[in-house]
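Novice: The lines below spell out each chain.
Protein chains: 2
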Amino acid sequence: MVSQNKNKGIDMLTFTNTKAYSELKELAKKPFNLNQDGAITPKRLEQMVVSAPNWNFLYGFQRVDEAVILALTKLAQELEVHDKMAAMQKGEKINQIIGFESENRAVLHTAMRDIFSEAPLSKEYSDLARIEHAKLKEFCLKLDKEERFTDAILVGIGGSELGPHALYDGLYFFRKPNRRLHFISNIDPDAIAMVKRELDLSKTLVIIVSKSGSTLETATNEAILRKMFNEAWLNPNEHFISITSPKSMMDDKSKYRECFYLFDCVGGRYSSTSMVGALPLAFACGYEVLLDLLKGAHEMDLHALEPDPKKNLPLLSALLRMWNRNFLQLPTIAIIPYAQVLARFPAHLQQCDMESNGKSIDKMGKRLDYSSGAVIWGEPGTSAQHSFFQLIHQGTDIIPLEFIGLKNCQGGLDFDIQGTTSQEKLVSNLFAQALSLATGRSSENPNKRFEGNRPSSIFLSEKLTPRSLGSLLALYEHTVAYQGFIWGINSFDQEGVQLGKVLADQFMKAAHSIKAGKPDPSYPVANTLFEMLKRLK
Amino acid sequence: MVSQNKNKGIDMLTFTNTKAYSELKELAKKPFNLNQDGAITPKRLEQMVVSAPNWNFLYGFQRVDEAVILALTKLAQELEVHDKMAAMQKGEKINQIIGFESENRAVLHTAMRDIFSEAPLSKEYSDLARIEHAKLKEFCLKLDKEERFTDAILVGIGGSELGPHALYDGLYFFRKPNRRLHFISNIDPDAIAMVKRELDLSKTLVIIVSKSGSTLETATNEAILRKMFNEAWLNPNEHFISITSPKSMMDDKSKYRECFYLFDCVGGRYSSTSMVGALPLAFACGYEVLLDLLKGAHEMDLHALEPDPKKNLPLLSALLRMWNRNFLQLPTIAIIPYAQVLARFPAHLQQCDMESNGKSIDKMGKRLDYSSGAVIWGEPGTSAQHSFFQLIHQGTDIIPLEFIGLKNCQGGLDFDIQGTTSQEKLVSNLFAQALSLATGRSSENPNKRFEGNRPSSIFLSEKLTPRSLGSLLALYEHTVAYQGFIWGINSFDQEGVQLGKVLADQFMKAAHSIKAGKPDPSYPVANTLFEMLKRLK
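Chains A and B, in that order, are what the protein sequence lines are. Each residue of the first sequence is one higher than the one before, counting from 1 in our numbering. Each residue of the second sequence is one higher than the one before, counting from 1 in our numbering.
Please note that the accuracy of each hint is not assured.
Copies of the same chain are indistinguishable here, so a pair counts whether it falls within one copy or spans any two.
[Said to hold, decoys possible] Here are the simulated lysine-lysine pairs, DSBU-like style, with alpha carbons at most 30 Å apart: (1) Lys29 x Lys366; (2) Lys537 x Lys247; (3) Lys176 x Lys203; (4) Lys509 x Lys137; (5) Lys123 x Lys311; (6) Lys196 x Lys176.
No lab work stands behind these hints: they were computed from the structure.
Can you build the whole structure from these sequences, using the hints too?
Specialist: In structure tokens:
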């Protein structure tokens with residue numbers, strides 16, 4: 001198999017020319033109907049489960065039968081995707097477009113949490129991670145002794161903000177009583193003004209995250225915050241910490257109280273378990289809570305290496321997403337956590353997924369002739385049921401759902417009202433949604449008719465703890481990676497954000513010239529748009 | 001025209017059998033290419049603008065030319081949609097499915113803010129709104145005198161939470177210094193535990209919103225909160241306020257300090273300008289700020305009656321959405337406010353739109369043979385640029401965008417760094433995104449290639465004030481309504497949420513029986529799912 005498919009290290013077998021692809025195309029003509037009589041049985045639900053560290057995955061509400069699962073399994077095997085996962089975790093340079101100038105790097109967010117065993121998969125980067133952890137542990141002890149800082153602002157954008165923010169929210173009941181985090185990502189001056197209103201700067205740390213030190217938003221917001229500290233007669237150098245690449249302009253102890261390192265092999269959207277997430281979370285929840293989160297992520301990393309797709313949760317989840325996306329032609333996925341502390345988790349997954357897999361070329365630079373990354377969106381249940389679920393039940397489009405459910409609440413304060421606790425009501429609603437979307441309901445009144453046959457998956461865990469949250473994070477990271485491996489794309493660069501940056505620079509130049517009373521004729525469109533803006537009253 | 005199209009009050013002309021529909025189908029075979037040389041000119045941008053109260057709408061970045069705009073205009077005229085808007089605002093019973101049991105009600109959220117003129121369009125309900133406002137004004141004065149309450153919790157779900165929450169966030173810099181709002185919608189016990197942690201109940205008002213008084217989440221959360229007040233030796237009746245239908249079980253002065261009214265003709269997702277939004281916003285920002293918001297909404301209501309689509313902002317916006325959805329076949333819309341205070345605004349619009357237009361039958365109960373409501377999603381820019389914009393620029397699917405931009409920030413604290421202010425940088429980014437998505441960029445390196453031709457609209461205002469925020473809210477409400485009128489659906493009911501409620505009830509019964517040690521055999525699927533949950537460790 002290997003010798004057939006590989007040629008000078010280049011995979012010749014692609015998604016659409018696998019045997020499994022043709023089989024799946026055929027099977028997709030008559031997918032399993034969830035709304036037929038007796039489709040959803042206890043037996044089906046019991047059989048269609050995969051267990052992984054801290055999470056079970058129920059896929060009995062997907063439009064699949066054994067033949068589809070078998071074909072999806074073959075797809076994974078033909079493309080040898082579990083080997084690609086292993087290659088990633090071992091540090092092969094998989095972040096590249098072959099034959100063209102590209103990043104050409106390893107992808108090692110997993111090494112950032114492979115710090116518990118004697119024989120990590122990628123020793124070089126796990127060793128580097130351990131050095132950062134030693135610094136962090138010492139820093140946390142120092143802060144505890146000082147008893148000065150109650151608040152920290154994380155200044156970063158994209159993955160440097162969304163992941164840590166989602167995890168901080170997700171650990172609400174694990175926070176230290178007198179520690180709070182705040183986030184500034186947007187260049188919007190109101191963003192910084194809002195945070196400043198809530199804070200006593202003398203008790204506030206500022207964590208600046210930027211690999212290069214040159215991100216427009218982060219550099220601007222840092223400059224503004226330094227000004228604010230100076231105006232309050234506080235020395236920024238005692239409050240500011242950097243998380244950056246070694247030797248970047250922000251790796252400078254004369255300007256920062258501490259400098260932590262971020263490595264090239266860890267992309268922003270995968271940086272939550274690097275120092276980017278570790279430092280703020282250790283500040284807010286304590287170093288031990290952070291370690292538990294990393295343990296949970298690491299457990300899922302090891303699980304994700306399992307070759308059998310039927311026993312590999314992120315791989316099976318990825319395959320089912322392929323089924324919905326490329327065979328049933330469904331262009332979006334809604335992620336619905338039945339947990340209020342996970343309210344911002346869909347926003348993190350949205351970036352992690354869409355920035356990774358929103359690509360139109362394969363790893364050889366060839367244009368795809370199939371759909372890749374879907375639109376990912378979602379809000380917490382049960383609230384979402386009273387929002388957009390009308391469309392999910394009765395709209396003209398089918399939206400596959402991923403539900404996240406928990407046996408117990410996180411805060412430990414549950415309430416029995418009329419025979420069931422709130423947590424039981426919450427989970428009852430989750431289950432009821434999955435079932436009603438699948439089976440539908442007939443009615444004489446067309447307005448009360450539900451077609452059903454609308455697919456969903458359910459992730460279940462006992463409780464949202466640092467450990468299970470870490471596993472959940474890694475589970476989604478690996479689902480995204482596996483989808484990328486199957487599509488044959490590079491999920492680890494983000495060239496698509498460059499053009500906007502270049503043009504924004506031109507618009508800022510135009511704005512500057514207009515202000516100076518000398519509109520630069522090289523930017524006619526920008527000048528027009530600013531003129532239109534100026535006229536607004 | 002009227003006599004031709006109407007038969008016993010039933011419109012015979014439908015979306016797909018208009019003349020304009022066929023024309024548009026033809027035009028959609030060769031839509032205007034934004035990425036051709038010279039496509040985006042200052043002239044085009046200057047011409048493709050509609051002005052409305054407080055907002056300008058730029059549509060030069062849509063894939064339309066004059067022929068398309070003309071055909072869209074005809075579509076609106078053939079279907080006489082501006083008459084439908086007038087009928088709505090006058091109080092005709094448009095919330096119905098003809099020939100089947102249905103809600104059969106007027107739709108009069110506009111009457112809730114039609115309180116400024118001597119001759120409101122629907123006198124009956126505007127008069128009722130005025131009575132509520134008189135109560136509210138007096139209540140606000142009383143609270144100011146008492147100086148007791150610093151915090152209020154709004155307990156409601158769906159529209160009762162999303163709209164007021166989005167507006168409260170949107171008015172961040174207009175809040176009174178010592179007044180804060182909190183929101184509990186989810187049945188999740190952690191939701192209530194999180195809010196409780198932050199509050200001193202003795203200084204807290206609780207506003208319970210439920211039309212019927214029987215919404216599961218709201219009734220449960222109210223019961224829990226009453227318990228908490230009792231345990232803190234506080235009398236709930238001094239703290240709790242209800243917003244409900246006249247004569248509902250919550251219309252009871254022996255249980256609530258005050259009872260405000262919500263009317264049948266105002267749906268949850270359109271209730272932000274009724275007492276549902278008015279009471280919490282008046283508490284947090286003061287009654288005058290609330291009035292400005294309502295004024296802005298009312299101004300847009302009047303504007304929305306304009307018959308000429310080229311001069312009617314919400315109608316033109318609706319028509320352009322139809323073009324993207326039904327002719328260019330694009331299934332989602334991303335709403336990107338370049339304003340951090342509008343961070344939750346897309347979530348409100350998501351519900352308002354998807355619950356209104358996520359329907360599969362027309363007003364006669366006939367199944368649609370075309371797509372209706374799209375998936376609406378979004379996050380604020382510039383942050384979003386560093387999140388999912390990779391997919392928007394280079395993904396395989398096209399996502400139409402609606403940008404919201406402002407000349408000035410709300411907080412009034414802007415910062416000049418390297419020649420431009422943060423607000424200028426913010427707007428520069430918005431414009432740069434619209435332009436780069438339209439024009440794209442060629443490159444030898446396929447990974448640095450941008451196809452362009454990706455459409456967007458831009459809403460621009462001078463500043464986000466209570467007044468312009470009110471206009472923005474109404475603008476979107478009317479865009480949604482116009483789309484519904486064109487599709488010929490009933491945008492004002494939500495039968496699609498009923499089945500889930502029925503099944504949730506069964507699951508709760510099952511949970512109760514299992515707990516009692518006697519699983520009820522009538523719920524085999526529920527029993528299995530709870531068994532699986534129970535086994536989790």
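Novice: State for each hint whether it applies.
Specialist: Now for the hints, and whether the structure bears them out:
Within a single copy, lysine 29 and lysine 366 get their C-alpha atoms as close as 28 Å, and across copies as close as 26 Å, so both meet the 30 Å cut-off. Taking the closest pair of Cα atoms, lysine 537 and lysine 247 never come within 30 Å of each other, the shortest separation being 47 Å inside a single copy and 46 Å across copies. In this assembly of identical chains, the alpha carbons of lysine 176 and lysine 203 lie at most 30 Å apart whether taken from the same copy (15 Å) or from different copies (25 Å). Taking identical chains as interchangeable, the C-alpha atoms of lysine 509 and lysine 137 are never at most 30 Å apart, the minima being 44 Å within one chain and 49 Å between chains.
Only within a single protomer do lysine 123 and lysine 311 lie at most 30 Å apart by alpha-carbon distance; the minimum there is 27 Å, versus 65 Å between protomers. Proximity of lysine 196 to lysine 176 under the C-alpha cut-off of 30 Å is found in both arrangements, the shortest distances being 21 Å within a copy and 17 Å between copies.
Hint compliance for this structure: hints 2, 4 are broken, all remaining hints hold.
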